[in-house]
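S.K.: Take the given structure of chain D and dock chain U to it, following the hints.
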Amino acid sequence: MVAGESGMGKSTLVNSLFLTDLYKDRKLLNAEERINQTVEIIKHTVDIEEKGVKLKLTIVDTPGFGDAVNNNECWKPITDYIDQQFEQYFRDESGLNRKNIQDNRVHCCLYFIPPFGHGLRPVDVEFMKALHEKVNIIPLIAKADCLTPNEIKKLKDRIREEIDKFGIKVYQFPECDSDEDEEFKQLDKELKECTPFAVIGSNTVVEARGQRVRGRLYPWGIVEVENQSHCDFVKLRNMLIRSHMHDLKDVTCDVHYENYRAQCIQEMTSKLAQDNRMESPIPILPLSTPDVETEKLIKMKDEELKRMQEMLNKMQQQMHDKEQ
Amino acid sequence: MAATDANEDKRNLELGGHVGFDSLPDQLVSKSVAAGFCFNILCVGETGIGKSTLMNTLFNTTFENEEAGHFESVVQLLPQMYDLQESNVKLKLTVVHTVGFGDQINKESSYKPILDYVDAQFERYLEEELKIKRYLLNYHDTRIHICLYFIAPTGHSLKSLDLVTMKKLDSKVNIIPVIAKADTVSKSELDKLKIKIMSELVSNGVQIYQFPTEDEAVAEINSSMNAHLPFAVVGSADDVKVGNKMVKARLYPWGSVQVENENHCDFVKLREMLLRVNMEDLRDQTHARHYELYRRCKLEEMGFKDTDPDSQSFSLQETYEAKRKEFIVELQRKEEEMRQLFVNKVKETEAELKEKEKELHERFEQLKRLHQDEKKNLEEKRRELEEEMNSFNRRKVAAETLMGQALQGCSQQPFKKDKDKKNFFSLPSACSLTSGRNLN
Numbered sequence: 001m002v003a004g005e006s007g008m009g010k011s012t013l014v015n016s017l018f019l020t021d022l023y024k025d026r027k028l029l030n031a032e033e034r035i036n037q038t039v040e041i042i043k044h045t046v047d048i049e050e051k052g053v054k055l056k057l058t059i060v061d062t063p064g065f066g067d068a069v070n071n072n073e074c075w076k077p078i079t080d081y082i083d084q085q086f087e088q089y090f091r092d093e094s095g096l097n098r099k100n101i102q103d104n105r106v107h108c109c110l111y112f113i114p115p116f117g118h119g120l121r122p123v124d125v126e127f128m129k130a131l132h133e134k135v136n137i138i139p140l141i142a143k144a145d146c147l148t149p150n151e152i153k154k155l156k157d158r159i160r161e162e163i164d165k166f167g168i169k170v171y172q173f174p175e176c177d178s179d180e181d182e183e184f185k186q187l188d189k190e191l192k193e194c195t196p197f198a199v200i201g202s203n204t205v206v207e208a209r210g211q212r213v214r215g216r217l218y219p220w221g222i223v224e225v226e227n228q229s230h231c232d233f234v235k236l237r238n239m240l241i242r243s244h245m246h247d248l249k250d251v252t253c254d255v256h257y258e259n260y261r262a263q264c265i266q267e268m269t270s271k272l273a274q275d276n277r278m279e280s281p282i283p284i285l286p287l288s289t290p291d292v293e294t295e296k297l298i299k300m301k302d303e304e305l306k307r308m309q310e311m312l313n314k315m316q317q318q319m320h321d322k323e324q
Numbered sequence: 001m002a003a004t005d006a007n008e009d010k011r012n013l014e015l016g017g018h019v020g021f022d023s024l025p026d027q028l029v030s031k032s033v034a035a036g037f038c039f040n041i042l043c044v045g046e047t048g049i050g051k052s053t054l055m056n057t058l059f060n061t062t063f064e065n066e067e068a069g070h071f072e073s074v075v076q077l078l079p080q081m082y083d084l085q086e087s088n089v090k091l092k093l094t095v096v097h098t099v100g101f102g103d104q105i106n107k108e109s110s111y112k113p114i115l116d117y118v119d120a121q122f123e124r125y126l127e128e129e130l131k132i133k134r135y136l137l138n139y140h141d142t143r144i145h146i147c148l149y150f151i152a153p154t155g156h157s158l159k160s161l162d163l164v165t166m167k168k169l170d171s172k173v174n175i176i177p178v179i180a181k182a183d184t185v186s187k188s189e190l191d192k193l194k195i196k197i198m199s200e201l202v203s204n205g206v207q208i209y210q211f212p213t214e215d216e217a218v219a220e221i222n223s224s225m226n227a228h229l230p231f232a233v234v235g236s237a238d239d240v241k242v243g244n245k246m247v248k249a250r251l252y253p254w255g256s257v258q259v260e261n262e263n264h265c266d267f268v269k270l271r272e273m274l275l276r277v278n279m280e281d282l283r284d285q286t287h288a289r290h291y292e293l294y295r296r297c298k299l300e301e302m303g304f305k306d307t308d309p310d311s312q313s314f315s316l317q318e319t320y321e322a323k324r325k326e327f328i329v330e331l332q333r334k335e336e337e338m339r340q341l342f343v344n345k346v347k348e349t350e351a352e353l354k355e356k357e358k359e360l361h362e363r364f365e366q367l368k369r370l371h372q373d374e375k376k377n378l379e380e381k382r383r384e385l386e387e388e389m390n391s392f393n394r395r396k397v398a399a400e401t402l403m404g405q406a407l408q409g410c411s412q413q414p415f416k417k418d419k420d421k422k423n424f425f426s427l428p429s430a431c432s433l434t435s436g437r438n439l440n
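Residue numbers (full-length UniProt numbering), protein chains in the order written: chain D, 1 to 324; chain U, 1 to 440.
Extracted from the complex, chain D is given alone in its bound form (with noise of 0.2 Å):
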């Protein structure tokens, strides 16, 4: 998933990643008429491959987030659909065929933080902080080729801090087993203080220092997409597709998936222990008889434990009394 305001260089970033171009015919709104508008969320979805290894590839779009001139409560509609995919997934999973699950559930979210600032707005902060626990939040400075590398670094560092202080949850990169070898170490230790990663995205290939490249051209000079000393796109790169692509996947599957399952289920128990009607059809969801029938023994264990303390604490007073 990608999100923003508009004109951060998204639907650029996702092209350059993908080296595909999936925003082919889009149609962008006036000033006018984004005063107020609502947040859409669109997918796309794509097939690719490389060397026999297949991806089915699917970016969620945001269009209009940020845009109006109010902006209350406008990350809900993402917020929902992230909890509709999570919802259709533990229906899948708690049905009986299960053999073809398609899931459909967000594994990162880059967030494109404007260049323009000296750091987080209130926006973002409400964004992230209404998101971080239920999907892999990457922050990314959009357009970074109107910073110099000396204000790069201070709003990283900026950035950095008041993540700490707001007590956002941003995808943190797995430590690496002591048993790795030294150079994947320094990379790694390189990744974890670059974040948030500085990117710049370009469609269009120019000609720098004899090479056909892709970059940005200027009239004071080139801006290399590609290489590292211009931007972070390449260590985004790598971090995002080639190296832990699998972790962000098992992130979501076992830690975000988790905490809305567990929210689900805790809901749904207390309904039930508020309607007192063990026996009549769950409300919510329908789910299959093994979850129910082991919700049912707890809840009998629960009971029989509550009966006990009683007569344990009967027995206590008519001792009580008996002494007296």
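Incorrect hints may have been included.
[Unchecked claim] Coverage of chain U stretches by chain D, computed from C-beta distances (three or more under 8 Å per stretch; other residues unrestricted):
1. 98 to 108
2. 176 to 185
[Unchecked claim] Covered by chain U, according to a simulated footprint, are these stretches of chain D (three or more residues, beta-carbon under 8 Å):
3. 3 to 13
4. 145 to 153
[Said to hold, decoys possible] Computed list of lysine-lysine pairs in BS3-like fashion (alpha-carbon distance at most 27 Å, straight line):
5. U:Lys192 / U:Lys167
6. D:Lys154 / U:Lys131
7. U:Lys354 / U:Lys131
8. D:Lys153 / U:Lys241
9. D:Lys249 / D:Lys185
10. D:Lys169 / D:Lys235
Since the hints were derived computationally from the structure, they do not count as laboratory data. Where a beta carbon is used, it is the ideal one built from N, C-alpha and C, also for glycine.
M.R.: Below, chain U alone, put in the same frame as chain D:
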């Protein structure tokens, strides 16, 4: 009357020799220079977009400005005044920055503080103008002469907030939109962006400041500049060595953006237009157009007109008198109303209080009666009890005497007597007498 006659008699005369009043402009210049000039700039733009840096670059100095955070809850305006001098021309510069603009989540009322500030400056001038004793010559003019609106270079078009704000401000100040941080937009994108922005402004009816093209001296340059709006600027206060010169530039790994290089950005154009060519025109426009508009609206609001229904011109004095009378009448009416209201309220409260008093009285009576009834009951009961006690005592005495007699006589039938005694002693234990006898 006399004035119109003189107009009809006006003739052009030829001068015989050099009189010397062609030195009037020079006199004007020296007078103005002595008095000093005033210029007020308003910078509107998001936090961190480069307003302070651009000001520093424009005036080749460092204005003190703290870096603002992003978490302001309302937009505030911070005016700062500086005295600058170049050759022998003194300039009182006021720079007003918007702090916190564009940071809030709900930006619907972001434009209001700006609008209020601009109006407040106009109001101040109007007040000074309308005073009886006024010092217009020495008055420090704080009206905003120009508003630089900083547009973020997102590459597509204006933001919705930009459009809304500019629309609200276009009839109050001269607006010059600039594209900030233009070193992030490549040349082709820049052209597209400029066209898009201008078309959006035009289609929404936003009137930005057009450089004047009437005066021949500047008409040519101005009209060519008009085509370059909005200016794409880059600001930098740091000096960097490029070639073998020190210039103001931003140093990147892939090159350096020179601020004063016309190929790199439009900074030079902006400086020319703003400071070297059109400064006086900006001030003029502010006074002649925006201020007059404000003044007219304000006075019309207050009820003044230039001509009354019979289309004879009013003098301000008569209008004043009429207004005053109206006002006093209104005041009296309101006073009457208030007094009536007050009297009514008092009556109401009094009535309420009386009712409450009655109620309380009744209840008191009721309680008293109850109390008396209870007392009577209790009295009766007491009497009854006393009687019982007395009868019991008598019986006791009788029984004792009997017992005494019986003991003296014979000790037969103790059970029977006990039974009798039982009967005598089966009275409620409320009147228990401590007789040491054991009753089964």
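S.K.: Each hint should be assessed against the structure and marked as holding or not.
M.R.: Evaluation of the provided hints:
no., hint, in the structure
1, 98 to 108, "holds (count 6)"
2, 176 to 185, "holds (count 4)"
3, 3 to 13, "holds (count 5)"
4, 145 to 153, "holds (count 4)"
5, U:Lys192 / U:Lys167, "holds, 22 Å"
6, D:Lys154 / U:Lys131, "violated, 53 Å"
7, U:Lys354 / U:Lys131, "violated, 57 Å"
8, D:Lys153 / U:Lys241, "holds, 22 Å"
9, D:Lys249 / D:Lys185, "holds, 22 Å"
10, D:Lys169 / D:Lys235, "holds, 21 Å"
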